[in-house]
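Asker: In order, the protein sequences belong to chains G and V.
Residue numbers for the first sequence follow this note's numbering, beginning at 33 and rising by one.
Residue numbers for the second sequence follow this note's numbering, beginning at 33 and rising by one.
It should be emphasised that the hints constitute simulated quantities derived from the structure, not laboratory data.
Any given hint might turn out to be false.
Identical chains share a label here; the pair holds if one copy fits it or two copies do between them.
Pairs of lysine to any residue residues, derived as SDA-like cross-links and limited to a Cα-Cα distance of at most 20 Å, are as follows [stated by the list, open to error]:
no., residue 1, residue 2
1, Lys-119, Gly-162
2, Lys-98, Trp-112
3, Lys-98, Glu-120
4, Lys-274, Pro-199
5, Lys-119, Leu-161
6, Lys-119, Glu-152
7, Lys-274, Leu-330
8, Lys-279, Thr-202
9, Lys-98, Thr-116
10, Lys-119, His-137
11, Lys-98, Gly-162
12, Lys-279, Asp-182
13, Lys-119, Ala-194
14, Lys-274, Leu-284
15, Lys-119, Leu-144
16, Lys-225, Leu-345
17, Lys-119, Ala-96
For reference, the chains in residue letters:
Protein chains: 2
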Amino acid sequence: MSGADARTRVVAFSGGVGGAKLANGLAQVVDGPALTIIVNTGDDFEHLGLTVCPDIDSVVYALAGKNDAERGWGREGESWQFMTALKELSDQTWFQLGDRDLAMHVYRSWRLRTGATLSEITAHICAQLGIRARVLPMSDDPVRTLVHSDEGVLEFQHYFVARRAEPRVTGFEFSGSAQAARPAGSETLLDPKRIAAIVICPSNPFVSIRPILAIDAWSAWLRARSCPVVAVSPFIGREALKGPAAKMMRELGLEATTMELVRIYGDLVDAWIIDEADAADVEAVEAAGVRCMSTATLMRGVPDQIRLAREVLEFAARV
Amino acid sequence: MSGADARTRVVAFSGGVGGAKLANGLAQVVDGPALTIIVNTGDDFEHLGLTVCPDIDSVVYALAGKNDAERGWGREGESWQFMTALKELSDQTWFQLGDRDLAMHVYRSWRLRTGATLSEITAHICAQLGIRARVLPMSDDPVRTLVHSDEGVLEFQHYFVARRAEPRVTGFEFSGSAQAARPAGSETLLDPKRIAAIVICPSNPFVSIRPILAIDAWSAWLRARSCPVVAVSPFIGREALKGPAAKMMRELGLEATTMELVRIYGDLVDAWIIDEADAADVEAVEAAGVRCMSTATLMRGVPDQIRLAREVLEFAARV
Chain G
33 MSGADARTRV VAFSGGVGGA KLANGLAQVV DGPALTIIVN TGDDFEHLGL
83 TVCPDIDSVV YALAGKNDAE RGWGREGESW QFMTALKELS DQTWFQLGDR
133 DLAMHVYRSW RLRTGATLSE ITAHICAQLG IRARVLPMSD DPVRTLVHSD
183 EGVLEFQHYF VARRAEPRVT GFEFSGSAQA ARPAGSETLL DPKRIAAIVI
233 CPSNPFVSIR PILAIDAWSA WLRARSCPVV AVSPFIGREA LKGPAAKMMR
283 ELGLEATTME LVRIYGDLVD AWIIDEADAA DVEAVEAAGV RCMSTATLMR
333 GVPDQIRLAR EVLEFAARV
Chain V
33 MSGADARTRV VAFSGGVGGA KLANGLAQVV DGPALTIIVN TGDDFEHLGL
83 TVCPDIDSVV YALAGKNDAE RGWGREGESW QFMTALKELS DQTWFQLGDR
133 DLAMHVYRSW RLRTGATLSE ITAHICAQLG IRARVLPMSD DPVRTLVHSD
183 EGVLEFQHYF VARRAEPRVT GFEFSGSAQA ARPAGSETLL DPKRIAAIVI
233 CPSNPFVSIR PILAIDAWSA WLRARSCPVV AVSPFIGREA LKGPAAKMMR
283 ELGLEATTME LVRIYGDLVD AWIIDEADAA DVEAVEAAGV RCMSTATLMR
333 GVPDQIRLAR EVLEFAARV
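Please construct the entire structure, taking both the sequences and the accompanying hints into account.
Answerer: Below, the structure is given as structure tokens:
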């Protein structure tokens, strides 16, 4: 059974939009079930009685080819009749819920209330949408990212959507992470002897990847790895393509540079892929004892996603 | 304060579609807050974790001018993107939820979970939509109509929508009605000395009006009246315009006639308005000691609703 023992599996850690793009590239390159994408649930929240899981949905929509590439979040071909009607009834309209997107939230919230776990529900949704990769919430237990800021402690979506990421951050808290376990069944699925590469997608280090690593079971699992961890930088020329990662670094008194990212992840990452705009940083990273290469990390469409996924896996094989 | 003591108030008992039409006619004729519409909640149900109140919504949409007059239920200008997306995820698609209509269900379910009562939520919705009449659920306590049939005991929406009212009914049960109270505050609002008329709208006697009367507080209040109760027959030529009322009567071994309706309501109704197609029945009803008149009860649009509402109130004034 040497084939079954071969290192063919890939595990990716992902947040939402940027991470979801690379996750989709990996899903196009890795044979379906051999890919597991562990998704941040720290920015999940309860809104109008619905459990909304923005990062899971971004990954699911990307893998199902249903994401809106223009807007960068939600579903393509979305309509907003629900929001129009909601505005007649309520002032709770700060979070946009598309008519089609709402099916996800209503279906998931209903199943959660009837006792299903988030990972069971996500697996069902993926099967229904023809997604063969395994999309795994980082935990079935609720973990909620809290943003400490000059406006006080804010729930993540309040900070990110309602307050448009404007408050100055001073720190982060992942409420519930100490009690959170990995989803049931994930131990056998992620047998370290079978994994060829672990990929950290180009997601926000503070609010997309750190909530996952704040769960002891995941950070311990990562430390016990016997395969390379390759991280793709979310920065292009010292700015995040989208989202507040670089702004957060500056507010925390850090420079928004590759080297700072390398320090943040420390020995959890064996190799970095950074953008060609930051190619000058390769030498310094390698001098620090961490493998590094530069390439075009901007993913304008699925062909870019596939190309970058291939480069990531080829780099992992060389590390 | 003789003005305040004048009998200017009107109370209507209503189910969904047919009842909502007359309720809207009354709302156009009676000065806003002087009209209270007590609405059946026996066919409310939980669907995908949402509390759906079809009769309240039919009345609210009619009074807000947002009802779909063609289809006979739901909102005008409705779209169905949510259902399209839901079908990708789930087989729980037997009940149609329009994109705009969904705002009502999501908003109400959320408020119920946060501890608001159905009557408080309904009052808020009416205020938001500019409805000046008071729309009052028959109770804030859950009452659920169960249809006993040749297919067993069916929840009402299962019987009505999923099974298209095809099973042969043998009886009805109003689960929870023994424990159900009138909404808080309704006692003072409905001070019998100030009420000019009580109207029973042209709704199904078994599954729209009986659930209301099954609540002791309402039937006792009706018996203690000091003003006439005028009922409008839901039949036109021995058939219900819409819905299974006549079919139910036949299945219960009753004739779908005016006289049978008169017997069903007994002394709870002082005067009947029946359709001109059934004008021949007027004499028999009056011979039984109940006032009766015939007119055009078909309401094709708001002008018909207003005309019939005026006739109802004029008849009540003469009884």
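Asker: Now tell me if each hint is right for this structure.
Answerer: Hint-by-hint comparison with the structure:
Taking the closest pair of Cα atoms, Lys-119 and Gly-162 come within 20 Å of each other only across two copies (14 Å); inside a single copy the shortest separation is 34 Å, beyond that limit. Taking the shortest Cα distances, Lys-98 and Trp-112 sit within 20 Å of each other both inside one copy (16 Å) and across copies (17 Å). For a Cα distance limit of 20 Å, the shortest separation of Lys-98 from Glu-120 across copies, 12 Å, qualifies, whereas the shortest one inside one copy, 29 Å, does not. Proximity of Lys-274 to Pro-199 under the C-alpha cut-off of 20 Å is restricted to the intra-copy arrangement: shortest distance 17 Å within a copy versus 57 Å between copies.
Taking identical chains as interchangeable, the C-alpha atoms of Lys-119 and Leu-161 lie at most 20 Å apart only when they sit on different chains, with a minimum of 11 Å there against 31 Å within one chain. In this homomeric assembly, Lys-119 and Glu-152 come within 20 Å of each other (Cα to Cα) only across copies, at 18 Å, whereas the closest approach inside a single copy is 33 Å. Taking identical chains as interchangeable, the C-alpha atoms of Lys-274 and Leu-330 lie at most 20 Å apart only when both belong to the same chain, with a minimum of 11 Å there against 59 Å between chains. For a Cα distance limit of 20 Å, the shortest separation of Lys-279 from Thr-202 inside one copy, 12 Å, qualifies, whereas the shortest one across copies, 69 Å, does not.
In this assembly of identical chains, Lys-98 and Thr-116 lie within 20 Å of each other by CA distance solely across copies; the values are 13 Å between and 23 Å within a copy. Taking the closest pair of Cα atoms, Lys-119 and His-137 come within 20 Å of each other both inside a single copy (18 Å) and across two copies (14 Å). With identical chains, the CA atoms of Lys-98 and Gly-162 are at most 20 Å apart within one copy only, with a shortest distance of 12 Å there and 38 Å across copies. Taking the shortest Cα distances, Lys-279 and Asp-182 sit within 20 Å of each other inside one copy (14 Å), while across copies they are farther apart (67 Å).
With identical chains, the CA atoms of Lys-119 and Ala-194 are at most 20 Å apart within one copy only, with a shortest distance of 16 Å there and 31 Å across copies. Proximity of Lys-274 and Leu-284 under a CA criterion of 20 Å is satisfied intra-copy only: 18 Å inside one chain copy versus 66 Å between copies. With identical chains, the CA atoms of Lys-119 and Leu-144 are at most 20 Å apart between copies only, with a shortest distance of 18 Å across copies and 27 Å within one. With identical chains, the CA atoms of Lys-225 and Leu-345 are at most 20 Å apart within one copy only, with a shortest distance of 17 Å there and 82 Å across copies.
Proximity of Lys-119 and Ala-96 under a CA criterion of 20 Å is satisfied inter-copy only: 15 Å between copies versus 30 Å inside one chain copy.
Going down the numbered hints, you'll see the structure goes against none, and every one checks out.
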